[in-house]
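**Student:** Listed here are the chains, written in short residue letters.
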Amino acid sequence: MVRVDGQGNGKSLIQVRGLEKTYRRGGEDIRVLQRLNLDVDKGDFVAFMGPSGSGKTTLLNLLGGLDVPSAGSITVDGDEITHMSGSKLTQWRARHVGFIFQMYNLIPVLTAFQNVELPLLLTKLSGAQRRKHVETALSVVGLANRMDHYPRQLSGGQEQRVTIARAIVSDPTFLLCDEPTGDLDRKSADEIMALIEELVGKYGKTVLMVTHDPVVAARAHTTLHLEKGVLVEASKIEPGVAAGGVR
Amino acid sequence: MKFRRLIFANLFRKKIRLILTIGSFAIALVLFTFLAVVNSAFNRGIDIAGADRLIIVNRIGLIQTMPISYGDKVRAIPGVKYVTQDHWFGGVYQDEKNFFPQFAIDPENHRKVYPEFIIPDEQWNNFVKDQQGAIAGATTAKRFGWKVGDRIPIKNALYGATKTWEFNLDGIYHTEKADGDQSQFWFQWKNFDENVPAAVKSTAGWYILKLDSPDDAVRVAKTIDAMFANSSYETKTETESAFAAGFAKQFGNIEFLIITIGSVVFFTLLLVTGNTMAISVRERTAELAVLKAIGLTDRTVLFLVLIEAMMIAFIGGVLGLLLAWASIPVISVALTGLLPPLLLSKTMLSLGLVFAIFVGMVSGLLPGIGAMRMRVVNALRRV
Chain A
1 MVRVDGQGNG KSLIQVRGLE KTYRRGGEDI RVLQRLNLDV DKGDFVAFMG
51 PSGSGKTTLL NLLGGLDVPS AGSITVDGDE ITHMSGSKLT QWRARHVGFI
101 FQMYNLIPVL TAFQNVELPL LLTKLSGAQR RKHVETALSV VGLANRMDHY
151 PRQLSGGQEQ RVTIARAIVS DPTFLLCDEP TGDLDRKSAD EIMALIEELV
201 GKYGKTVLMV THDPVVAARA HTTLHLEKGV LVEASKIEPG VAAGGVR
Chain B
1 MKFRRLIFAN LFRKKIRLIL TIGSFAIALV LFTFLAVVNS AFNRGIDIAG
51 ADRLIIVNRI GLIQTMPISY GDKVRAIPGV KYVTQDHWFG GVYQDEKNFF
101 PQFAIDPENH RKVYPEFIIP DEQWNNFVKD QQGAIAGATT AKRFGWKVGD
151 RIPIKNALYG ATKTWEFNLD GIYHTEKADG DQSQFWFQWK NFDENVPAAV
201 KSTAGWYILK LDSPDDAVRV AKTIDAMFAN SSYETKTETE SAFAAGFAKQ
251 FGNIEFLIIT IGSVVFFTLL LVTGNTMAIS VRERTAELAV LKAIGLTDRT
301 VLFLVLIEAM MIAFIGGVLG LLLAWASIPV ISVALTGLLP PLLLSKTMLS
351 LGLVFAIFVG MVSGLLPGIG AMRMRVVNAL RRV
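Protein chains in written order, with this note's numbering: chain A, 1 to 247; chain B, 1 to 383.
Calculated from the structure, these hints are not laboratory results.
None of the values given here were measured: they were computed from a predicted structure.
No residue lacks a Cβ here, since even glycine has one placed at the ideal position from N, Cα and C.
Wrong hints could be hidden among the right ones.
[Unchecked claim] Okay, the calculated bits of chain A under chain B, using three or more residues with CB under 8 Å as the criterion: (1) 13-26; (2) 60-71; (3) 84-96.
Build the full structure now, drawing on both the sequences and the hints.
**Tutor:** Next comes the structure, spelled out in C-alpha cells:
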C-alpha cells in the first residue's frame, strides 16, 4: 500500500519523511520538494506524474541515492540512506537499485550480454555464475537470442528490454524507471509496460516510475502527482490537472 | 581484471582517432629516443671513463703539445702507476666523410693504461714489432671492410706537406662493454715521431696516467700542474671523466638542447593525449554516469580512464621504440663521422617505455579526475 501522509506503519519497504530539496539558481533558492512523505510496500508499482520541472526526476534521483536531500530522510529496507557517505551510497545502489532510463543508456561498444553483465562485475560471482544470471535476465525480457547483438543492432524497444535486463540482473530491492517508454512508439511502449507489469506481478518487484504519459501511468497500481513539491494521490487532485485515466 | 572487455571496447571505439593518437605517440617517442641516444653518445666517454685515470693536456688547449720528457717526470710522482702518451693524427681515409679518430700511441704502456681494449696477444705482439703497424677498432674495421694484414693508406696534411701514410693492419680491438668506443685507429708513436716535422718531434698531444688508487687523483693532479707551472708548457691535469665532459662541451651545450627539445616533445605529447582522453571522456559522459549509477565507485571510474590512457601510451610507446630500434642503427651509419656512434641500449628502451606510460598516466589524470568528480544527476540531465 502506498501512503503520502507520513502515517505509515513503519514496516514499508521505502519510507520517506519530510523530504526537501532546494536548488540555488541565480542567487535564488528554488524548493523543488517540500516536506514530502511517502510509504511504499514491497511489490507496489507506483507512477509519479506532474508537469515538467515539478521534481519527479529529482524525487527519483533521491530515492535512488543519486542525489542527497536538503532535509528529511529516506529509509529503504531498514537502511537510512540520507546520511550514507558517497562510497557507501554507491555500494548501496549496486545492491538495492535497478535503474531504467528513458534513453536506455547502454554502452554502445558492448553486446547486450556484456551490458547486462556490468552490474555483476561489481559482485564476487564467478564468470560462470555471471553468465547464468545474465542469460536468465535476458530470457525474462525475451532477448535470449539477441545476447551477442550490439545496441545499434537492436530496435528501441529491444534496447529498453536490455536496459531492464541490466536493471534486474543483480536482483535489486526495487526498480526506478525514468520515463521508460518516453522514447518509444505506442506498440513498443505497451510491450515494455507489459514486461514491467510482469516483473511486478510475477517476480514481486517493487517499481517506482516517472512518466508523462497517462496511459502508461494507468498501468501502475498507484499514481501520485507532484504538485508544488508535495505528493498528491491521483484520486484527490482537482479535475483537469490529471487528465486521462489516472487512478 | 573484470573490466578488461569494457576497457578494450572503449579503446577501439574510435579507430581512426586511436590510430592517430598512437601514431603521434610513436613518432614523438622515436624523436625522444633519438635525442636520448644522441645525448648518451656524447656522454659515453664520461660514463666509461676510468676512475683511476688522469689526462694531462697543455693548459693553453688540446691542440697544443707538450714535451715528451714530461712522461718520465710524471712517472716519478708517487701514486702514478703507468704513463702513456697519445698524439692526434687527423688523417683522411679515401674521403673526408670517412672520419674516424686516429692516434699515435705508445705501444709500451698503452695497453697497461687501457686494459678495457681487448686485442689478441698475437696481434698485439705483431703490432709492437711492426713500426708501420696499426690497430683498428672493430667498428671502423667493419665499416671499411678491413682485415688483419690489409694495407691502409691515410692521407695527412697536418704535419708538413700532404702525404699518404701507409699502415699495416696488425690487429683489431674490441671493448669489454658493447657501448665502448671501437672506432679508434692506433699506430706507433715512433713511426709518427720519425715522420713529422722537427717542430712536432718529441712531443705528446696528451698524457694518460693510471694511478695506484683513485684516491690519489687530486693530489697527483695538483702535483703535476705545480711541477710544470711557469714553464713554456704549463699543464692542465684532470680526471678522465672531467676531460671527456669538457670534450663533449666543445660541441655546444648538447644536454641543454636535448632537454629543451625533449621537454617540448613531452608537453606536446601530454596535450595531444590529454586532449584525446578529454574528448573521449566527454563523449561518454552519459555512459560513465550510468556506470556510476549502477555502482561503480569514483575510484573505479578514474582507474578505467587512466588505464585507457596508459594503454594508448603503451601501444604508442612500443611502436615508437620498435621504430627507434629499427631506425637508429640506420641513422647512426648515415651520420658516421658527424656524431659518435648511436647505440640504443636495453636500459634506454625500458626507460622509453616507462616514460611513455608515465605520459599516458599524466595525460589521463585530468579527464579521469573530471570523470571521477562528475555527479551522476548532472551528467544524466545533460543527455
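**Student:** Run every hint past the structure and note whether it holds.
**Tutor:** Evaluated hints:
1. 13-26: Answer violated; 0 residues pass the 8 Å Cβ test.
2. 60-71: holds (count 4)
3. 84-96: holds (count 7)
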